[in-house]
Amino acid sequence: MSPGTTPVIESSAGRWMPAAAHAGIPSLRRSRLEHRALRSGLLTGGAWAAAILASVPLVSVLYMLIVRGGARMHWDLLLELPPAGFEMGGGFGNAIVGTVVMVGLAALISVPVGIACAVFLAELGPHSTLASAVRFSAKTLTGLPSILAGVFAYASVVLVTGTYSAPAGAVALAVLMVPTVVLTAEEAMKMVPRITKDAAYGMGCTRSQVIWKIVLPTALPGILTGVMLAVARAAGETAPLLFTALFSSFWLVEHGAVRLMQPTASLAVLIYNFSGMPFENQIELAWAASLVLVMIVLFVNIVSRLLGRRRV
Amino acid sequence: MITEPAVMNGHTTTSNGNVVIDCTLKQVYYGEFLAVRDSHVPIEKGKITGFIGPSGCGKSTVLRSLNRMNDLIRGFRFDGHVHFHGQDVYAKDVDPVVLRRHIGMVFQQPNPFQMSIFDNVAFGLKLNRFRGKVADRVEQALGRAALWDEVKDKLKNNGLSLSGGQQQRLCIARAIATEPSVLLMDEPCSALDPIATRRIEELMVELKQNYTIAIVTHNMQQATRVADTTAFFSVDMSKGGRTGYLVEMGPTKQVFENPQQKLTKDYIAGHFS
Numbered sequence: 303m304s305p306g307t308t309p310v311i312e313s314s315a316g317r318w319m320p321a322a323a324h325a326g327i328p329s330l331r332r333s334r335l336e337h338r339a340l341r342s343g344l345l346t347g348g349a350w351a352a353a354i355l356a357s358v359p360l361v362s363v364l365y366m367l368i369v370r371g372g373a374r375m376h377w378d379l380l381l382e383l384p385p386a387g388f389e390m391g392g393g394f395g396n397a398i399v400g401t402v403v404m405v406g407l408a409a410l411i412s413v414p415v416g417i418a419c420a421v422f423l424a425e426l427g428p429h430s431t432l433a434s435a436v437r438f439s440a441k442t443l444t445g446l447p448s449i450l451a452g453v454f455a456y457a458s459v460v461l462v463t464g465t466y467s468a469p470a471g472a473v474a475l476a477v478l479m480v481p482t483v484v485l486t487a488e489e490a491m492k493m494v495p496r497i498t499k500d501a502a503y504g505m506g507c508t509r510s511q512v513i514w515k516i517v518l519p520t521a522l523p524g525i526l527t528g529v530m531l532a533v534a535r536a537a538g539e540t541a542p543l544l545f546t547a548l549f550s551s552f553w554l555v556e557h558g559a560v561r562l563m564q565p566t567a568s569l570a571v572l573i574y575n576f577s578g579m580p581f582e583n584q585i586e587l588a589w590a591a592s593l594v595l596v597m598i599v600l601f602v603n604i605v606s607r608l609l610g611r612r613r614v
Numbered sequence: 036m037i038t039e040p041a042v043m044n045g046h047t048t049t050s051n052g053n054v055v056i057d058c059t060l061k062q063v064y065y066g067e068f069l070a071v072r073d074s075h076v077p078i079e080k081g082k083i084t085g086f087i088g089p090s091g092c093g094k095s096t097v098l099r100s101l102n103r104m105n106d107l108i109r110g111f112r113f114d115g116h117v118h119f120h121g122q123d124v125y126a127k128d129v130d131p132v133v134l135r136r137h138i139g140m141v142f143q144q145p146n147p148f149q150m151s152i153f154d155n156v157a158f159g160l161k162l163n164r165f166r167g168k169v170a171d172r173v174e175q176a177l178g179r180a181a182l183w184d185e186v187k188d189k190l191k192n193n194g195l196s197l198s199g200g201q202q203q204r205l206c207i208a209r210a211i212a213t214e215p216s217v218l219l220m221d222e223p224c225s226a227l228d229p230i231a232t233r234r235i236e237e238l239m240v241e242l243k244q245n246y247t248i249a250i251v252t253h254n255m256q257q258a259t260r261v262a263d264t265t266a267f268f269s270v271d272m273s274k275g276g277r278t279g280y281l282v283e284m285g286p287t288k289q290v291f292e293n294p295q296q297k298l299t300k301d302y303i304a305g306h307f308s
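Protein chains in written order, with the numbering used here: chain A, 303 to 614; chain B, 36 to 308.
Chain A with its partners taken away, still in its complex shape (with noise of 0.2 Å):
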């Protein structure tokens, strides 16, 4: 039957047949060497191929991770002190205990400061010239070399004090870690939205009761997941610790008192400087140190997944 003509219904078989399949409409089955499906295939397929070369570098850090520092691990390690020279077995408890002690009160520093001034950015004066040259100067230093944190930290806290310290650490670190709270804060704030600002005050609520009241907890969640995140990448940095904690082979506590106020250890430092040692010992702790450092990052991870997922 040509198209032209008038579709018949052909019911010889007893089934109904749609008349327009004999009426000249293409079919609709998808052909795969036809040139927009060959083009599309090859797309998808690129971008497999990137997703998957994409995460070649973690899985391929994560297995050496659990197979070299896998070998060495146990319990013992994260309650010793690491070995000196050619002493064989130790650990790097003190490191831990560092690493945790410096991220900690670096967050003390950083969060209060970092939402305060996402309560200005998002809330207080957002199109201001202070809010523009604040938000600025936050995304400059998002992409500051975490060095710089230490120098910084160095001049203004180990040259003032006269030690090497876990304080000074910390502010190496509290540098690293506002950008990041200032500017996930601000953007969770901004999500809230105008109409539940609105009817805050539409209630006769102050602007310090919309923002106490719904803006913050409200936001809550995001803002969570940004100090999460801000953690995360304090905990493993190395370069701004290097001149303001150094490093140190024993407790913080010293006479029965924890003295913060002397040279630090912390897990980065030590993976960095046992890494370069000529003992297989100091390697193979370097190892399991760093598997210990992953664990922890993704612990903060997970966390920060969690406290972001949203409740209704």
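The hints are simulated quantities; they were obtained by calculation from the structure and are not laboratory data.
Relax, there's no trap hidden among the hints.
Below, computed lysine to aspartate or glutamate pairings styled on EDC-like, alpha-carbon distance capped at 16 Å:
no.	chain 1	residue 1	chain 2	residue 2
1	A	K515	B	D154
2	B	K191	B	E174
3	B	K82	B	E241
4	A	K499	A	E425
5	A	K499	B	D106
6	B	K80	B	D263
Just so it is clear, the structure is predicted and the values come from calculations on it, not from any experiment.
Add chain B to chain A, keeping to what the hints say.
Relative to chain A, chain B alone:
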């Protein structure tokens, strides 16, 4: 036709001593944009005043000027007076925060807070450091908003878990819990289905025994159903801009059945929108 000059305050028969909010608006700007001009809108106690008119005629702007919600918009300038119980709300010493506690508002999109149903209604009470029994007031407000029976067993649930119509009634309950004297409603039904709309309309008619209500609506039938007084706004495009102004205001029956202005007549007949 549209360039026809407005007759200010088309009639004065309703302007007796019961005016709660007397809005005399000269010019309202958003930045350089003249949004509304020359409109006198008196709102009477215990009645529902409906604002109708085509899109962009400034009816929402006028409504939001009454409790100074527009102050939150950058570039907003109000030239004129809004007298609330005789005080000019735009006077320098008036705190808009205090004003909004007396003139409540319900918005176009239901906007409950990200908190429980109970806390949503109790929110304003806590703001005002209400000293009585909060639970009783919450129940009373939800009851008046015709929502109590539906939510009494799930007061701890998040306000956002309710349906759209329920959310809007929750917002009304939240607004009336603090006993404002005036309730402004900015197209409160435009995001709702017809059944939910009908419930809100019934509610408004009940609420006017205790509150004065001003409502912006896109729906002329809604205005005829609920409003005692109707204000018709239109857009003037004669000077290149789109400036809204009040064309006519009067008892709803009169505005719809015997409009004084040709523009009103055309709009009601559906000749333009």
